[in-house]
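Based on the hints, put chain H in the right spot on chain S.
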Amino acid sequence: MTLGWWIEVVVKVGLMFFIVLTGVAYVSFAERRILAHMQSRIGPNRVGPQGLLQPAADALKLMTKETIIPAAADKILFLFGPVFALIPAIVAFSVIPFGESITLFGREIALHVTDVNIAVLFILALSSIGVYGIFLSAWASNNKFALIGGLRSSAQMISYELTMGLVIVAIVMLAGSFSLVDIVHAQAKVPFILYQPLGFVLFIIGSLAEINRTPFDLPEAETELVAGFHTEYTGMRFAIFALSEYANLMTVTSLATLMFLGGWLVPWPSPAWMYPLWFAIKVLILIFFMMWTRGTLPRFRFDQLMLFGWKVLLPLALANIVITGLVVALLERP
Amino acid sequence: MELVGFLLLAGATIAGAMGVVLQRNALYGALSLVGVFVATAVLYLMLSAPFLAVLQLIVYAGAIMVLFIFVIMLISVRYEESGEAAGVPGGAKRYTAMGLAAVLVILFTILSFKMALTPSGSEGPGSITELGFALYQKYMFPFEVASILLLVAIVGALSITRRHGRGLEGNVALEEHH
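Protein chains in written order, with the numbering used here: chain S, 1 to 334; chain H, 1 to 178.
Hints are supplied without guarantee of correctness; some may be wrong.
Chain S is faced by these chain H residues, among others (derived, beta-carbon under 8 angstroms) [said to hold, decoys possible]: (1) Tyr-60; (2) Ala-61; (3) Ile-69; (4) Leu-74.
I should point out that these hints are in silico values taken from the structure, not numbers from a laboratory. In this text, a Cβ means the ideal position worked out from N, Cα and C, and glycines have one as well.
Next up, chain S with everything else stripped away, as it sits in the complex (with noise of 0.2 angstroms):
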């Protein structure tokens, strides 16, 4: 651990950092515009040329407001129950590979800030830590909208990561490694969306579920629910919850992209510099896709969503895995 190592950790976390919290602002506000357009409205655009200061507008808002703390609530659960959801959206950008490696001032500097090499298990533990952050502020907000919000998210989350944690198996079988390198050198020749089309299928509805996205915010169901979980939160804390949401949504969208669309590598050539822009652009696709599913569809009923979740999904993906597995083991033996 020379003085180098420690410069490169710093400067890696901070612009880890920097990433996610402009890439939140701006996913976000790229979110209000693009749905705007979708409903025939205008959106945001006061703040700024085209309403692009408006994040930060925003931002300077949400921190002057004041911490309203409900008098029934269990205040330290209260107030710590935000930091839980966004601790794990924000460790787990960490272990996501931009590009190859580059060398800087004579050091070879990997593009992800630390290199796991169980990195998509990590990403996947951490996702369903972030659980807690829901459903502890939902029940300390003592609040019955709260709760329900809260006991819905659990109850999704646990269904449809075990979606998700399937279709992975069938991607680590396929790469032979765990590693999200090594997952995208798997893919020089034919990104794994065209081996695993179901797979990818079922790794988008698995995260829209699992980052409460419509059509399964059910969590925060405001039709019904007023704000579901986090319906008692005022100001930063409030903000917390979108900034982890966002968050997620970028390591989710990320995480697909390097599982399924071969991640910084095209089918033509390209110089390594450009490997972290082919990432950016299929990443913001897939973050596109997302806000289209939101401007187009409704939102589940709770019993749908649990009976899609355990008795559709989840034996598409056991199929997909035995089929992987078969045809892996076939292509193997020659």
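For chain H alone, kept in the frame of chain S given last:
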């Protein structure tokens, strides 16, 4: 350094385990158990078994405890409505809650750092390859027996909860939606 880390984590594990038993509030008890699981995961990491550590998090902290808390939240609604929750003095409750939350945050932080610093080759003891061979070749039989045991438990649980003479349609949860 290693010994200090181990002692701290072992202390956290034992304190958490005691918390599970001693907490009056069921939710805090469950949270203490989450603390135990996270601390155990970090212990696995110290033994350079990252795969086991992550599985510990996914299975225990992520799935099983979520189900536990799910049930506790459902029950504690009635528990608080009946006004019995006031049995614990406010001050003590506040400090245990604060301590718990702080310990959990610290444990998550340690976990993330430790995860980043653990050299994780795909070979050697504690690696996925090693684990796979152990599970599917060396201990194949006990592994399969364990899975059948779990299957029997699932079927048993289902047959206990099912009402007599009625199929799935008689399920209470489903009935509410019809």
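Results for each hint:
{"no.": "1", "hint": "Tyr-60", "result": "10 angstroms, violated"}
{"no.": "2", "hint": "Ala-61", "result": "6 angstroms, holds"}
{"no.": "3", "hint": "Ile-69", "result": "7 angstroms, holds"}
{"no.": "4", "hint": "Leu-74", "result": "7 angstroms, holds"}
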